[in-house]
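Top to bottom, those sequences are chains V and G.
Per the working numbering, the very first residue in the first sequence carries number 119; after that it's consecutive.
Per the working numbering, the very first residue in the second sequence carries number 119; after that it's consecutive.
Check each hint, because a few of them may be wrong.
Stretch by stretch, here's where chain G covers chain V in the computed footprint (C-beta under 8 Å, at least three residues) [stated by the list, open to error]:
{"id": "1", "stretch": "153-164"}
{"id": "2", "stretch": "281-293"}
{"id": "3", "stretch": "316-323"}
Facing chain G, a subset of chain V residues (Cβ under 10 Å, in silico) [unchecked claim]:
{"id": "4", "residue": "Phe217"}
{"id": "5", "residue": "Lys245"}
{"id": "6", "residue": "Tyr253"}
{"id": "7", "residue": "Glu266"}
{"id": "8", "residue": "Gly267"}
{"id": "9", "residue": "Glu277"}
{"id": "10", "residue": "Leu278"}
By construction, these hints were calculated from the structure, which means they are not laboratory data.
All C-beta atoms, glycine included, are put in the ideal place defined by N, C-alpha and C.
Protein chains: 2
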Amino acid sequence: MGIQERREREKQEVRKKILDAARELFAREGYEAVTMRRIADRIEYSPTAIYLHFKDKETLIRELCANDFRELAHAFARIAQEPNPIERLRKLGLAYVGFAIDYPNHYRLMFMTPHPHLDPCEMDLQKGNPEEDAYAFLKATIAQAIEEGRLRPELTDPELAAQLAWASMHGLVSLHIAKGDDPWVEWRPLAQAASLMVEVCLRGITREGK
Amino acid sequence: MGIQERREREKQEVRKKILDAARELFAREGYEAVTMRRIADRIEYSPTAIYLHFKDKETLIRELCANDFRELAHAFARIAQEPNPIERLRKLGLAYVGFAIDYPNHYRLMFMTPHPHLDPCEMDLQKGNPEEDAYAFLKATIAQAIEEGRLRPELTDPELAAQLAWASMHGLVSLHIAKGDDPWVEWRPLAQAASLMVEVCLRGITREGK
DNA sequence: TTATCTAACTTAACAACGTTAGATTTCTTA
DNA sequence: TAAGAAATCTAACGTTGTTAAGTTAGATAA
Numbered sequence: 119m120g121i122q123e124r125r126e127r128e129k130q131e132v133r134k135k136i137l138d139a140a141r142e143l144f145a146r147e148g149y150e151a152v153t154m155r156r157i158a159d160r161i162e163y164s165p166t167a168i169y170l171h172f173k174d175k176e177t178l179i180r181e182l183c184a185n186d187f188r189e190l191a192h193a194f195a196r197i198a199q200e201p202n203p204i205e206r207l208r209k210l211g212l213a214y215v216g217f218a219i220d221y222p223n224h225y226r227l228m229f230m231t232p233h234p235h236l237d238p239c240e241m242d243l244q245k246g247n248p249e250e251d252a253y254a255f256l257k258a259t260i261a262q263a264i265e266e267g268r269l270r271p272e273l274t275d276p277e278l279a280a281q282l283a284w285a286s287m288h289g290l291v292s293l294h295i296a297k298g299d300d301p302w303v304e305w306r307p308l309a310q311a312a313s314l315m316v317e318v319c320l321r322g323i324t325r326e327g328k
Numbered sequence: 119m120g121i122q123e124r125r126e127r128e129k130q131e132v133r134k135k136i137l138d139a140a141r142e143l144f145a146r147e148g149y150e151a152v153t154m155r156r157i158a159d160r161i162e163y164s165p166t167a168i169y170l171h172f173k174d175k176e177t178l179i180r181e182l183c184a185n186d187f188r189e190l191a192h193a194f195a196r197i198a199q200e201p202n203p204i205e206r207l208r209k210l211g212l213a214y215v216g217f218a219i220d221y222p223n224h225y226r227l228m229f230m231t232p233h234p235h236l237d238p239c240e241m242d243l244q245k246g247n248p249e250e251d252a253y254a255f256l257k258a259t260i261a262q263a264i265e266e267g268r269l270r271p272e273l274t275d276p277e278l279a280a281q282l283a284w285a286s287m288h289g290l291v292s293l294h295i296a297k298g299d300d301p302w303v304e305w306r307p308l309a310q311a312a313s314l315m316v317e318v319c320l321r322g323i324t325r326e327g328k
């Protein structure tokens, strides 16, 4: 009896329609434009139909986030081939900024908005698996750099060092997203600032020898 | 005829009441808790009375921000006495993080939330005046460091260098505010990370000679 | 003192939001 | 063909920011 399976498949299709509509609305017009009613309009369902697939708006948004986290991790995984940990850090930094430039709205939601993280990682992301966890990947790279004696002696804690490196790049992109069109500051091009930041940061954490 | 003046004074008093109520609501319960109706409740006026003093919620919030920008600039101004620009940068970094720790909700609004900055600086902050413009103060300090030949030769643009320094510290505090209670990351204490970040950043931008 | 005018303020309402309860349609199964 | 279950919709509630129209209070002028 493949009927139940077909029904399930149809249900997943609607679910995917909702996610796609939300994602596009999101990417094109930003967070504020994503309302249940507008999503419903796009997929030609009533607003309440969404609640058959998602508990509430927050969990819908969270699922969008989970996908974006995965995509970022995949972008990172493509850099795994680079054997030199310092060079890998350099590439990671630039890839991170590239992701933020490509998906500023997603970035805002992922890293600039406080969420009630009630459910302890209900999203089916595998924490710690570098294939799906970009932070774990960064940490592993930092750990390797420490093991190989490439970082300054005071940097013994991979967790802390990873947070510093992350924060450096995050600071740049998040300022640009939040205040990039604020005339108060004469912003330099993000790409230029990013490559300089990578060098500054690397010089700050590596030993004199390079 | 001091009557008009008294009326004006009374009007300013109500205006101040609104700002104070909004600020406290804000500091205690965060952005989402600040609604026109809750502000009105606190000051025992009707919600619409607020619109006699502020065009809309956005401008009210913006005025709150302007005050916070001023306060941050004042905190910076207290560091102006330090003659050594490198040492001054160190103190600026720590003061910046201290401000963010003391007023996380204000910080979020000031630096982590995109605003429609429609009015070109209608808020009566004096841009460029280091007494009221914290960014100008940072930039001036960086410029002095460059003049004295303390920064690396590739850092010739004070604007760009200031943005890097700012971004480093901002990245740290903004990640803590947005994702500080996300169990995905084993956050190190912000104060510890901040003092390390200051050193890493300084090492990254200064010449070898220190 | 009384009438008038103006500013401050309130009440009532609107549109849009997230969300829930209950009715209705659609499809599967007996 | 009738019964039952799943999917969906309609209508509504309680919020939100905001506007329009009415009301009150105090200052001015007769």
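Each hint tested on the structure:
no.	hint	result
1	153-164	violated (count 0)
2	281-293	holds (count 11)
3	316-323	holds (count 7)
4	Phe217	15 Å, violated
5	Lys245	6 Å, holds
6	Tyr253	6 Å, holds
7	Glu266	19 Å, violated
8	Gly267	17 Å, violated
9	Glu277	5 Å, holds
10	Leu278	5 Å, holds
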